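Peer 1: Each chain is listed here by its residues.
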Amino acid sequence: MTDTHVAAPAPTAAPQPEEPGSTALARAALLLLRGRTLVVLVVLIIIFSSISSEYLTQSNLILMTKHVAINAILAIGVTFVILTGGIDLSVGSIAGLSSMVAGGLLFKGLNFPGGTVFFSVAVVILIGIVVGALVGAVNGLLITRFRVAPFIATLGMLYVARGAAQLHSNGGTYPDLAGTEARGNTGFGFIGVDSILGIPVAVWIMVAVAAVAVVVTTKTPFGKHIFAVGGNERAAVLSGIRVNRVKIAVYVISGACAALAGLLLTSELGAAYPDTATTYELNAIAAAVLGGTALAGGRGTIIGTVMGAFVIGFLSDGLVLVGVSTFWQSVVKGAVIIFAVITEQAQQRLQSSLTRRTA
Amino acid sequence: MAEILEAHNISKNYGGVRALKDVTFTAYRGQVNVLVGENGAGKSTLMKILSGSEQPTSGEILLDGEPVQLDSPRTAQARGIGIIHQELSLFPNMSIAENLFAGRELRRGSAFVDAGGQRRRAREVLKRLGQDSVDPDTLVGDLPIGQQQLVEIGRALLEDVRVLIMDEPTSALSNHEVDVLFEVMADLREQDVTVIYISHKLDEFRRIGDWVTVFRDGSLVAHESMSRTDTGWIVRQMVGRDPDSLYVRNSSPVGDVLLDVRGLTVPGTVKVDDVSLTVSAGEVVGIYGLMGAGRTELVETLMGMRKASTGEVSVRGVNEPKGTVQARMAAGLALVPEDRQRDGLVQTMSVRDNILLSTVARMTRSGLLNGAAEQKTAKEKVGELAIKIPGLGAVVTALSGGNQQKVVLARALLTEPVVLLLDEPTRGIDVGAKSQIAGLMAELAAQGFGVLFISSELAGVMAMADRVLVMARGRITAEFTAENVTEEALVAASASESVLEGHS
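Protein sequence lines, in the order shown, are assigned to chains H and S.
As numbered in the numbering used here, residues 1 to 359 make up the first sequence, in order.
As numbered in the numbering used here, residues 1 to 504 make up the second sequence, in order.
None of these hints come from the bench; they were simulated from the model.
It is possible that part of the hints are untrue.
Claimed, not checked - Computed spacing ranges between beta-carbons, pair by pair: (1) Q348/H with P390/S: 15 to 23 angstroms; (2) L25/H with V113/S: 52 to 60 angstroms; (3) N370/S with R245/H: 46 to 54 angstroms; (4) A330/S with V320/H: 40 to 48 angstroms; (5) E443/S with L31/H: 41 to 49 angstroms; (6) K21/S with L31/H: 55 to 63 angstroms; (7) A330/S with R234/H: 15 to 23 angstroms; (8) L350/H with K21/S: 43 to 51 angstroms; (9) L350/H with Q69/S: 33 to 41 angstroms; (10) T364/S with G187/H: 43 to 51 angstroms; (11) T231/S with L350/H: 50 to 58 angstroms; (12) T364/S with A137/H: 37 to 45 angstroms; (13) I145/S with L141/H: 31 to 39 angstroms; (14) G255/S with L38/H: 38 to 46 angstroms.
Bear in mind that the values here come from a model prediction, so they are computed numbers and not experimental data.
Note that the Cβ used here is the ideal one computed from N, Cα and C, for glycine as well.
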């Protein structure tokens, strides 16, 4: 038997002679660090609007938010996966695949021996999302049943799903998704082009997805199970949580979110091409990390992720607006992400030192 | 008798815990100096200080009568003090020769490894260890555990070691491997190497030891020439006088059989071999044994975390064949694991969420969590078990060890079990918390639970259990009642190979 259990230094509540001022200061710093994504967003808006008078106009804000919507939806799905301690690299490819499936159904219908069938837009959207969910389910099964590491399983799926998207049209584009009255499949533009009350439908969809995701992660047993699996998988198993089911479910959610994002993108463009959303997985993961989701799992929030997507979107569009070259845009974006992770660690340290002081 | 290494008035504090209290220890040159004591008695802490990986809070260390400052393992090594840890620190993917020289490779020129030279030196070392026939190019991962242990010793020999500290090297070894190790130790003694040897196995160390030093609760309680001691004396020193004052004994009447295990067998490196046992309502049953005896594997299998190859588990007279965690939990079993940090707590979650982890799915109203019910349930359990917390929303890692243990126990109790499986419930918590946990176990038995607990502490298991089962090498080797159990019989049965030789 080891003696190491006793030897481990217990986190003691040693009475430290702290003056009350330093604790208050530490608390303020912690608050600032917790809300850092919001702080960064506000700073970005101040900087860009002082450089360009166009930045803080209603039309530009709406346009930027619409850009944010697609990445935010992808990132929300990925956040579910990261909270369990996994990773999903396949979301961009899933978006592309569902785009091609939906585009094909709208453009050329489904060929049966008896003839060609066209579905209504609502059914096409549903099928697109189901395709994404199924690909996610395959990811989940690879990771749970076949014990493939999430990074590898979804990296493989990144290639497989992208290849499948290209095979769907032999690499071609479905150029016209408007549909015809006769086929009963018009109106695909609604989700990506139209607005309600002056706000793009895509933004409304993002708000709805985020709201559901917030409720699921914070107000349901399933949400608690997600955090438990990511926080300590062995303890979760021992607590009777069906860990494999939780894992499969988060990849299904991620796949469905990715498919939805792909459909929004396709609707906005009015055409489906196989390279839709290539490398979008990186933006999605970046948004989650910027928003304070720990890649090790167990820590993070949906709101944080949405804020992260706003920072990335408002930053990119701002850099374009003030005329920074695309090369510099890339450098700045990368630097912001790294900075975010460094401050995340500072937050964790400060937080644990504060809990120790009050315990 | 010449002293080589002396520790004078060493104390060591970890936060508020005093792991060593004013210990003065002497190791004699060219002798095998044995250290014994229960878990947490302070043996390993002292060895960490003597090998430079920990610094004493106060006290001094003398080597050959001169005070020395051992501020790192490297300094200790340079002075000829080597240590072999209980957990091997070898690279299984590398060869014996590469392992022997890992981190201090022989060089040819300044850039290249002298593989031929390493191989030659490795062969010499293997010969010194009586392993002439072993090829130094063999991957360490391919060696049996006993030979891996010898490779570890080989690493120390390469350093011209004068004092070799071994922390329970035989816990994973077969009898034959132990014989080989003891031959090597005898040879080392011939070569004037001083050995400091930590062990739990009384029958083993009596064969090899020249001196025995006993630790208890962070103090050195006895130091004697081995020839002047017997097993009974050593055990009495280890346990101390009056363990009963510390622990509350269960006195409930025994009811129906709640847990009935028959012929349970689990394959694996640490196996469970044909184990049958029962636990009744109101009964506290202890399982005593050494590390690697299969006790943790047994309770993990009962809880559905491992798959049994054969055997039946019945709870309340009903066979439970599925063997999943969920099924066993539903049947009425609950496990409080040994390693709280690894298996018990979700460190990122609050006290409340940790308490409710198993049962949160029951606390919903139309699919959503019912915050008020959660708060109420968690608060009730905190009150019932007297858990000291800064608040239900506080992160669970802010609690002390004993209170963390109670959080895991609270979670287990919320699943409404009939039999509680407790794996080393009193390990790593201070004396006060130990007696509290013992009181809780007695109270649970009084409420009609069956309690099955694992313990490596002789005093604890004897004072708390109504019945004690002893496990060794995956088998139950003895069973005692509270009336007829003795320390010596427990120790003998825990090292025994034969089945039920001490059966009462």
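Peer 1: Now, for every hint given, state plainly whether the structure supports it.
Peer 2: Evaluation of the provided hints:
no.: 1; hint: Q348/H with P390/S: 15 to 23 angstroms; in the structure: holds (18 angstroms)
no.: 2; hint: L25/H with V113/S: 52 to 60 angstroms; in the structure: holds (53 angstroms)
no.: 3; hint: N370/S with R245/H: 46 to 54 angstroms; in the structure: violated (22 angstroms)
no.: 4; hint: A330/S with V320/H: 40 to 48 angstroms; in the structure: violated (58 angstroms)
no.: 5; hint: E443/S with L31/H: 41 to 49 angstroms; in the structure: holds (43 angstroms)
no.: 6; hint: K21/S with L31/H: 55 to 63 angstroms; in the structure: violated (44 angstroms)
no.: 7; hint: A330/S with R234/H: 15 to 23 angstroms; in the structure: holds (20 angstroms)
no.: 8; hint: L350/H with K21/S: 43 to 51 angstroms; in the structure: violated (36 angstroms)
no.: 9; hint: L350/H with Q69/S: 33 to 41 angstroms; in the structure: holds (35 angstroms)
no.: 10; hint: T364/S with G187/H: 43 to 51 angstroms; in the structure: violated (38 angstroms)
no.: 11; hint: T231/S with L350/H: 50 to 58 angstroms; in the structure: holds (54 angstroms)
no.: 12; hint: T364/S with A137/H: 37 to 45 angstroms; in the structure: violated (25 angstroms)
no.: 13; hint: I145/S with L141/H: 31 to 39 angstroms; in the structure: holds (36 angstroms)
no.: 14; hint: G255/S with L38/H: 38 to 46 angstroms; in the structure: violated (60 angstroms)
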